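> With the hints as your guide, set chain B onto chain A.
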Amino acid sequence: MTKKRSLMRSIAAAPHVFWAVLFIVLPLLIVAYYAFTDADGAFSFENILSLADYADIFLLSLELSVIATLVCFVIGYPLAYIIARSKPRTQKLFIMLLMLPMWTNLLIRTYSIMAILDDGGFLNQLLNTELHIIGTKGAVIFGMVYDFLPYMVLPIYTCISKIDKHMWEAASDLGCTPVRVITKVIFPLSLSGVISGITMVFVPSISTFYISQKLGGGTFELIGDTIERQFVTGALNTGAAISFVMMILIMISLTVMNRFGDSDEGGIIV
Amino acid sequence: MTYVTYHDIFCTCSCVRKNKADEEGNSKEMAKLIELRGISKSYDGEKVIDNMDLYIRDKEFITLLGPSGCGKTTTLRIIGGFESADEGELYFDGAEISNVPAYKRQVNTVFQKYALFPHLNVYENIAFPLRIQKVKENEIRERVTEMLKMVALSGFENKSVSTLSGGQQQRVAIARALVSHPRVLLLDEPLGALDLKLRKDMQNELKSIQQAIGITFIYVTHDQEEALSMSDTIVVMADGEIQQIGTPTDIYNEPKNAFVADFIGESNIIDGVMLADKKVKFARHTFECVDGGYAKGEAVDVVIRPEDVDVVPKERGMLTGRVTAVTFKGVHYEIIVDIDGFKWMIQSTDYVAPEEDIGVYIEPDAIHIMKKSKYSGKFGDYSSFSDEIDQLSDADAAEEF
Numbered sequence: 001m002t003k004k005r006s007l008m009r010s011i012a013a014a015p016h017v018f019w020a021v022l023f024i025v026l027p028l029l030i031v032a033y034y035a036f037t038d039a040d041g042a043f044s045f046e047n048i049l050s051l052a053d054y055a056d057i058f059l060l061s062l063e064l065s066v067i068a069t070l071v072c073f074v075i076g077y078p079l080a081y082i083i084a085r086s087k088p089r090t091q092k093l094f095i096m097l098l099m100l101p102m103w104t105n106l107l108i109r110t111y112s113i114m115a116i117l118d119d120g121g122f123l124n125q126l127l128n129t130e131l132h133i134i135g136t137k138g139a140v141i142f143g144m145v146y147d148f149l150p151y152m153v154l155p156i157y158t159c160i161s162k163i164d165k166h167m168w169e170a171a172s173d174l175g176c177t178p179v180r181v182i183t184k185v186i187f188p189l190s191l192s193g194v195i196s197g198i199t200m201v202f203v204p205s206i207s208t209f210y211i212s213q214k215l216g217g218g219t220f221e222l223i224g225d226t227i228e229r230q231f232v233t234g235a236l237n238t239g240a241a242i243s244f245v246m247m248i249l250i251m252i253s254l255t256v257m258n259r260f261g262d263s264d265e266g267g268i269i270v
Numbered sequence: 001m002t003y004v005t006y007h008d009i010f011c012t013c014s015c016v017r018k019n020k021a022d023e024e025g026n027s028k029e030m031a032k033l034i035e036l037r038g039i040s041k042s043y044d045g046e047k048v049i050d051n052m053d054l055y056i057r058d059k060e061f062i063t064l065l066g067p068s069g070c071g072k073t074t075t076l077r078i079i080g081g082f083e084s085a086d087e088g089e090l091y092f093d094g095a096e097i098s099n100v101p102a103y104k105r106q107v108n109t110v111f112q113k114y115a116l117f118p119h120l121n122v123y124e125n126i127a128f129p130l131r132i133q134k135v136k137e138n139e140i141r142e143r144v145t146e147m148l149k150m151v152a153l154s155g156f157e158n159k160s161v162s163t164l165s166g167g168q169q170q171r172v173a174i175a176r177a178l179v180s181h182p183r184v185l186l187l188d189e190p191l192g193a194l195d196l197k198l199r200k201d202m203q204n205e206l207k208s209i210q211q212a213i214g215i216t217f218i219y220v221t222h223d224q225e226e227a228l229s230m231s232d233t234i235v236v237m238a239d240g241e242i243q244q245i246g247t248p249t250d251i252y253n254e255p256k257n258a259f260v261a262d263f264i265g266e267s268n269i270i271d272g273v274m275l276a277d278k279k280v281k282f283a284r285h286t287f288e289c290v291d292g293g294y295a296k297g298e299a300v301d302v303v304i305r306p307e308d309v310d311v312v313p314k315e316r317g318m319l320t321g322r323v324t325a326v327t328f329k330g331v332h333y334e335i336i337v338d339i340d341g342f343k344w345m346i347q348s349t350d351y352v353a354p355e356e357d358i359g360v361y362i363e364p365d366a367i368h369i370m371k372k373s374k375y376s377g378k379f380g381d382y383s384s385f386s387d388e389i390d391q392l393s394d395a396d397a398a399e400e401f
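Quick mapping for you: the protein sequence lines, in order, are chains A and B.
For the first sequence, counting from 1, position 151 maps to 151 in the numbering used here; every step adds exactly one.
For the second sequence, counting from 1, position 256 maps to 256 in the numbering used here; every step adds exactly one.
This is chain A alone, in the form it adopts within the complex (with noise of 0.2 Å):
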């Protein structure tokens, strides 16, 4: 019988099995090989031990995500709150209105940005002021918290909306104080939201390159661009080299956090 029921399973499975070794496992394979080889298709280290050339991007790109991680934190863990306790009618409201910008397409709301905050945009005729933004470290930073503040919210919301409501009456019968309830019992039990949302915005962030292009006025190079630059001019082994251990920095440090979240839901990756 058992083995009848293991059958159904994999039946049941083998579309997602299929699926995930098409579109994951297989690309990344692809990765890993262009990475490891020369233009000719020989085994080789070189585009992995020339990426040392890369570092000043990669910097630069660490810096730009971990200030939006941290500003999009700190926007956005108080929005989850106060939507999460306030009354059901009024968290769907607040949470349709945050999820309303994701229904328009990222480059258009980038676009956008971009138009609003021109020096000749619509914020310079408003205000009659000649502000230089595009092309500023502000302008991306802006752009990345904009288009990913969603995805730190959503997930502080979830997972604050599941604590037990008594939670703030025990902690607050016990001696807390309105900002104690939340640094001793509410932050500690959001924290796998917290590191949910971290990761959603830092990875997106630290990979991005069309807002660092387009808000950042082409006077940046991010290492998403570089990336984008390697495989546009055909540069498929440096590109691919670079991806990969990317995308090992990414997984070591989502490793590290998760290790902070250390809780049974809400850690999205690893």
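Be a bit skeptical, because a hint or two may be false.
[Unchecked claim] The list that follows gives simulated cross-link-like pairs (lysine-lysine, DSS-like), each with its CA atoms no further than 30 Å apart: (1) Lys314/B <-> Lys162/A; (2) Lys104/B <-> Lys87/A; (3) Lys113/B <-> Lys92/A; (4) Lys159/B <-> Lys113/B; (5) Lys279/B <-> Lys296/B; (6) Lys374/B <-> Lys279/B; (7) Lys104/B <-> Lys162/A; (8) Lys165/A <-> Lys200/B; (9) Lys162/A <-> Lys87/A; (10) Lys279/B <-> Lys197/B; (11) Lys134/B <-> Lys165/A; (12) Lys281/B <-> Lys372/B; (13) Lys113/B <-> Lys87/A; (14) Lys207/B <-> Lys165/A; (15) Lys149/B <-> Lys104/B; (16) Lys329/B <-> Lys279/B; (17) Lys374/B <-> Lys165/A; (18) Lys343/B <-> Lys165/A; (19) Lys165/A <-> Lys104/B; (20) Lys207/B <-> Lys343/B; (21) Lys59/B <-> Lys134/B; (22) Lys134/B <-> Lys200/B; (23) Lys159/B <-> Lys134/B; (24) Lys149/B <-> Lys162/A; (25) Lys165/A <-> Lys281/B; (26) Lys47/B <-> Lys87/A.
It should be emphasised that the hints constitute simulated quantities derived from the structure, not laboratory data.
The structure displayed is predicted, hence computed values, not measured ones.
Same frame as chain A, now just chain B:
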């Protein structure tokens, strides 16, 4: 200060309660620790507590008892500081605390579902209130260890609370609530989630903890047996109002109205008429009783407990009837008897057969007379008697809040 409580007017028992305390002459025992004056609370326009007056003495074990929706949990939450009353004042040790937030009150709560902190282990859960108060580390260790010993959980320090059984979680919750030495412990149906055997053990344990540490326990339950076996004082509530306040024996032997009589134990409640002091007529028969002070010809409710009715041969009975159902309950048989169309419940250790005609005999002191109230005629008739219905309604009550 002139202040007349609801139960002063409505329930003579509260006077009994005061007099008793006076007689004892123990002023420490008598001290009012918590006082509710004219407390009212509504949710969405529906009154859950209606102009309630109540005082709670220092060091007593007091139980708020009532069915689902009677306002007992809300009362507890107002005392705990989790809800604020719409009207009325709350006093603690003589000072008004109506607007004092929960974290400043010397009152701790054991929540219905324990509300232990899942991110902390057993030790840290109990240490939590002490850490908030910035107590020194070695004192924390001392006090937590002492608490763990009291609730018989020594050696569980490093366990995660999610791995504990319901009973163990319960003990951690009690230890956590007591470690900061509150003046009052509030318990909101704390045994509701435990199985029967464990419940009985915990009842005894709670009572002995209360006596050992000598603080006030305010206990909320819908389980009358629990209330009877643990409390110094029981407050019976229904429809947001206090029905009766008294010791368990008072409440059981001298219920104030049909609601209390029915809610506390099984009762046959029959319409009667007082013919004179100590003479009451019901079921077309005149009985000697021990109660007086009613007007001649006043309509009253007569309560007779099922265990106080004696089954006798038909010829010797004061009343006669036909047995309609017999259920074996272990200690006794539960017999439903149809007497002139009114179904009585009788508990007897002697077996009688269904459809048998029997006589019943009632001693004068088994008859308790109550004034008519809005609950008259609603309770105390076993014509729709069924064990299952009884259990179903109990389960409902457990769902409260």
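> Against each hint, give a clear statement of whether it holds in the structure.
Hint check results:
no. : hint                  : result
1   : Lys314/B <-> Lys162/A : violated, 65 Å
2   : Lys104/B <-> Lys87/A  : holds, 27 Å
3   : Lys113/B <-> Lys92/A  : holds, 28 Å
4   : Lys159/B <-> Lys113/B : holds, 19 Å
5   : Lys279/B <-> Lys296/B : holds, 10 Å
6   : Lys374/B <-> Lys279/B : holds, 24 Å
7   : Lys104/B <-> Lys162/A : holds, 27 Å
8   : Lys165/A <-> Lys200/B : holds, 29 Å
9   : Lys162/A <-> Lys87/A  : holds, 14 Å
10  : Lys279/B <-> Lys197/B : violated, 44 Å
11  : Lys134/B <-> Lys165/A : holds, 25 Å
12  : Lys281/B <-> Lys372/B : holds, 15 Å
13  : Lys113/B <-> Lys87/A  : holds, 23 Å
14  : Lys207/B <-> Lys165/A : holds, 29 Å
15  : Lys149/B <-> Lys104/B : holds, 27 Å
16  : Lys329/B <-> Lys279/B : violated, 34 Å
17  : Lys374/B <-> Lys165/A : violated, 38 Å
18  : Lys343/B <-> Lys165/A : violated, 46 Å
19  : Lys165/A <-> Lys104/B : holds, 20 Å
20  : Lys207/B <-> Lys343/B : violated, 38 Å
21  : Lys59/B <-> Lys134/B  : holds, 27 Å
22  : Lys134/B <-> Lys200/B : violated, 37 Å
23  : Lys159/B <-> Lys134/B : holds, 23 Å
24  : Lys149/B <-> Lys162/A : violated, 33 Å
25  : Lys165/A <-> Lys281/B : violated, 55 Å
26  : Lys47/B <-> Lys87/A   : holds, 22 Å
In the structure shown, a violation is registered for the earlier hints numbered 1, 10, 16, 17, 18, 20, 22, 24, 25, in ascending order.
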